[in-house]
Amino acid sequence: CKNTTTAVGRINNQLVFQSDFTINWPRSQSFIGYGFKKKDSELTAMLKALELLYN
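Quick note on numbering: the sequence shown equals residues 418 to 472 in this note's numbering.
Each hint should be verified, as a subset may be incorrect.
[What the hints assert, rightly or not] Listed next, the in silico BS3-like pairs over lysine-lysine satisfying Cα-Cα at most 25 Å (straight line):
hint, residue 1, residue 2
1, K419, K465
2, K465, K454
3, K455, K419
4, K419, K454
5, K419, K456
6, K465, K455
[To be verified] Label pairs and their calculated CB-CB ranges:
hint, residue 1, residue 2, range
7, N472, N441, 16 to 22 Å
8, L470, I428, 27 to 33 Å
9, L460, G426, 16 to 22 Å
10, T421, E468, 18 to 24 Å
11, N430, L470, 35 to 41 Å
12, L470, R427, 29 to 35 Å
13, W442, T421, 14 to 20 Å
It should be emphasised that the hints constitute simulated quantities derived from the structure, not laboratory data.
Ideal Cβ placement from N, Cα and C applies to all residues, glycine included.
Assemble the whole structure, with the sequences as input and the hints as a guide.
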C-alpha cells in the first residue's frame, strides 16, 4: 500500500488536498480522495478502497 497527499489548489481561499491511495492486492489499483483537510482526503480515498475490497 502507498498513500500520498498533496495540495492541488484553492477554493474560496481554502486549500484543497488530494490523496492517492494505491493497493497492490488483489490487483494494482489506485483510489483518489479530495478534501479541505488532509485527514478528510485520506479518509475518502481509503473508504473507496475498502468499499471495493468488501464487495
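Which of the numbered hints are not met once you compare them with the structure shown? none
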